[in-house]
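Residue numbers (our numbering), protein chains in the order written: chain A, 1 to 197; chain B, 1 to 438.
Check before you lean on any hint, since a few could be wrong.
Not everything, but these chain A residues come out facing chain B in the computed CB check (under 10 Å) [claimed, not checked]:
hint	residue
1	D18
2	V39
3	C86
4	P103
5	G132
6	R142
7	L145
Covered stretches of chain B (chain A as the covering partner; in silico rule of three or more C-beta atoms under 8 Å from a C-beta of chain A) [what the hints assert, rightly or not]:
hint	region
8	121-129
9	361-367
Calculated Cβ distances over 12 Å to all of chain A for the following chain B residues [what the hints assert, rightly or not]:
hint	residue
10	R28
11	R68
12	E111
13	R136
14	R162
15	H165
16	R187
17	L290
18	S298
19	R370
If you're looking for bench data, these hints aren't it; they were derived computationally from the structure.
Built from N, CA and C at the ideal position, the CB exists for glycine as well.
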Amino acid sequence: MTTLPRPVVRLVVCGNADRGDDGAALTAAATLLPSLTPVLASRIEVRRCPNLRTEDLLDLPDGVQAVIIDAVIGPPPGELVRVPLCALAARAAFTPRSSHQLPIDLAVGLAGVIRKRPVPGTFIGLSGHRFGFGTPLSRAVRAGLPAFRAAIEAELEAMAASTSVPELVPSVASESGGADSGAAGQAPIAPGRVSAP
Amino acid sequence: MHGGEVAVGERRFDVTGITRVEGEGSLRLAVRDGNVTEAHLAIFEAPRYFEQLVLGRTPDDVLDIVARICGICPVAYQMSAVHAFEDLLGVVIDPSVRALRRLLYCGEWIESHALHVYLLHAPDFAGLASAVELARVDRAAVERGLAIKRVGNRLVSLLGGRPIHPVSVRVGGFSRVPRAADLAQIRPELDDALRGALATMDWVAGFSVPDFERDPLLVSLRHATDYPMNEGRIVSNDGMDIEPGAWESAFQEQQVPWSHALQARDRDGRAYLLGPASRVTLAGEQLHPLALAALDRSGLATAIARNPYWGIAARAVEIVHAVAVAIEIIDGYGEPARPMEPWAPGPGIAAWATEAPRGLLFHRYRLDERGRIAEASIVPPTSQNQAAIEADLTAFAPMVLGLDHAAATHRFEQLIRSYDPCISCATHFLDLRVEDQS
Chain A
1 MTTLPRPVVR
11 LVVCGNADRG
21 DDGAALTAAA
31 TLLPSLTPVL
41 ASRIEVRRCP
51 NLRTEDLLDL
61 PDGVQAVIID
71 AVIGPPPGEL
81 VRVPLCALAA
91 RAAFTPRSSH
101 QLPIDLAVGL
111 AGVIRKRPVP
121 GTFIGLSGHR
131 FGFGTPLSRA
141 VRAGLPAFRA
151 AIEAELEAMA
161 ASTSVPELVP
171 SVASESGGAD
181 SGAAGQAPIA
191 PGRVSAP
Chain B
1 MHGGEVAVGE
11 RRFDVTGITR
21 VEGEGSLRLA
31 VRDGNVTEAH
41 LAIFEAPRYF
51 EQLVLGRTPD
61 DVLDIVARIC
71 GICPVAYQMS
81 AVHAFEDLLG
91 VVIDPSVRAL
101 RRLLYCGEWI
111 ESHALHVYLL
121 HAPDFAGLAS
131 AVELARVDRA
141 AVERGLAIKR
151 VGNRLVSLLG
161 GRPIHPVSVR
171 VGGFSRVPRA
181 ADLAQIRPEL
191 DDALRGALAT
201 MDWVAGFSVP
211 DFERDPLLVS
221 LRHATDYPMN
231 EGRIVSNDGM
241 DIEPGAWESA
251 FQEQQVPWSH
261 ALQARDRDGR
271 AYLLGPASRV
281 TLAGEQLHPL
291 ALAALDRSGL
301 ATAIARNPYW
311 GIAARAVEIV
321 HAVAVAIEII
331 DGYGEPARPM
341 EPWAPGPGIA
351 AWATEAPRGL
361 LFHRYRLDER
371 GRIAEASIVP
381 PTSQNQAAIE
391 ADLTAFAPMV
401 LGLDHAAATH
411 RFEQLIRSYD
421 PCISCATHFL
431 DLRVEDQS
């Protein structure tokens, strides 16, 4: 039985590929993850969340940080936003596009109260322009994707590096499978480990 | 000038950011001599053109497309559409498939109602700004709500293939049905959820609500043996009783200049109210005995019909009902011989209504000779409830116009949230403005 290092970062990928720029985070993840080094990829758990729910953050294990990526509205299209999760409540200049059930700051804040400790991590967003069904990514978002990917990769590397000696876990136990990442119309996400919400 | 400021001849509230509703819209109240002369619930979210997106598609395509209308109630859109097509095409489904569709709908009701009761509406009754604040003062309550909601998510995931925008519903049945062992895995969680649901009913029954009563026209489905979800006749508290596909014979949509969403009224021009309060009032005798007993214990059956703030109690009753029914369906489940009945495409009018968490959802399609969609009409509950919400705001406003800005705003927001509006369905965020025109 092979062993894998325990993931230390949960990459939460929000948005819908079939709603124009709402697919920005999916596109960034789908093109970034295959290019990661095997070591870094093995430290990441990828969770696909079309609409971020509090429940998606409640089971975040101790020592694991979250990187939530999503399209946003507010700043000029194509502009990047990066906010520590602990500062989301104070955000004013942008609105994550894909949160539906609760605003993202409330979803993250509520998870923190229920967990009795704040959700550690970062929100990274790319400002979108058009969100109609069936529309492709806008030119501004396509132009912003390299910077979006670079920011996500930098965050993942920094978080993985900030964690001490990795614990080893059996690979069978760590593969939860069953994610909805392969749903029709959505970009595939690999490698990393994909968890079902 | 902002709310609370008073000038000679004019009083005006500008309130932005009414939260905890699904979608974005605005409310404007015009006041003359202390009376509200206009209440406009404006839905300015851009039209979404789903009725155009489905043209030329097959019935099965439609089921996947209409599920994308809403992230909270996608099952409702699939259910209204699939029953419309099956009614037209003469498809008779296996009783186990019928039960599974009901179970799928139970999952959506549980998820949607738990979200609204605990995370969107309950903070109002505790005088708190959000579910985060509610969790700080009553963490156990919010955990209970999230646990109930999680069970709903699991049911939708298991039967629908994923928790949001399910993909398994097909004309004639499902693309795949679960094994009894799959369903049995959820059973212990449902037992916990049932305890949680009963506690929810007791919890909300203790809330203090504003003293505001009216006598609305209530409309819902009613079925001879089941609490209405997928089947039943459209009935009202003034004697209407029509087939589920005959919505257009009794109601009509109209464009209003202040909203991107069509409004619906009955053929006499009257506003009417859909949703849990209507269902509990018109079909309460069909509630699961555990839900009916919880409702009786609360003593709120009459108040639910007359006071919109008690919508939260109606939702709590329906959580009990949906969880209890889900348990019974799982306990009695026998895997059907095949997941889907064969069917042949054909022309005609397919029309049906089912009960979404927020109320009656009507679909009508015209299919051409190839069995493709030539025309589509989708009437979601929130657009039907708009006129009733406006009427209630008009009646309620004089009770709070004397309050300071913050207090009046809180009351308006609380009232709007009582209807659990899903503005995204109707065509997100509410901007409230009250102007004195005297």
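Tested hints:
Given hint, D18/A at the interface with chain B, holds; its Cβ is 7 Å from that chain's nearest Cβ, closer than 10 Å. Interface hint status for V39/A: violated, as the beta-carbon distance to the closest one in chain B is roughly 31 Å, over 10 Å. The criterion of a C-beta within 10 Å of any C-beta in chain B is not met by C86/A, whose closest approach is roughly 13 Å, and the hint is violated. For P103/A, the interface hint holds, the least distance from its beta-carbon to any beta-carbon of chain B being 7 Å, beneath 10 Å.
Using the Cβ-Cβ criterion of 10 Å, the hint placing G132/A at the interface with chain B is satisfied: the shortest such distance is roughly 8 Å. The interface hint given for R142/A is violated, since its Cβ lies 22 Å from the closest Cβ of chain B, which is over the 10 Å cut-off. With its C-beta approaching chain B no nearer than about 24 Å, L145/A sits outside the 10 Å limit, and its interface hint is violated. With a cut-off of 8 Å between beta carbons, the region 121-129 of chain B has 0 residues touching chain A; three or more are needed, and the interface restraint is violated.
For the region 361-367 of chain B, the assignment as covered by chain A is violated, since 0 residues bring a beta-carbon within under 8 Å of that chain's beta-carbons and 3 are needed. Annotated as non-interface, R28/B keeps its C-beta farther than 12 Å from every C-beta of chain A; the closest such distance is 23 Å. A Cβ of chain A approaches the Cβ of R68/B within 12 Å, the least distance being about 7 Å, so the stated non-interface status is violated. Some Cβ of chain A comes within 12 Å of the Cβ of E111/B; the nearest lies about 9 Å off, and the non-interface call is violated.
Residue placement check: R136/B does not keep its beta carbon more than 12 Å from all beta carbons of chain A (closest about 6 Å). The non-interface label for R162/B is inconsistent with chain A: the shortest C-beta to C-beta separation is roughly 4 Å, within 12 Å. Against chain A, the non-interface label of H165/B is violated: not every CB pair exceeds 12 Å, the least being about 7 Å. With 12 Å as the threshold on Cβ separation, the claim that R187/B sits away from chain A holds: the shortest Cβ distance comes to roughly 19 Å.
Listed as outside the interface, L290/B is consistent with that label: its C-beta sits roughly 26 Å from the nearest C-beta of chain A, beyond the 12 Å cut-off. With a minimum CB-CB distance of about 27 Å to chain A, S298/B clears the 12 Å threshold, and the non-interface call stands. No beta-carbon of chain A comes within 12 Å of the beta-carbon of R370/B; the shortest separation is about 22 Å.
Consistency with the previously given hints fails for numbers 2, 3, 6, 7, 8, 9, 11, 12, 13, 14 and 15, ordered from lowest to highest.
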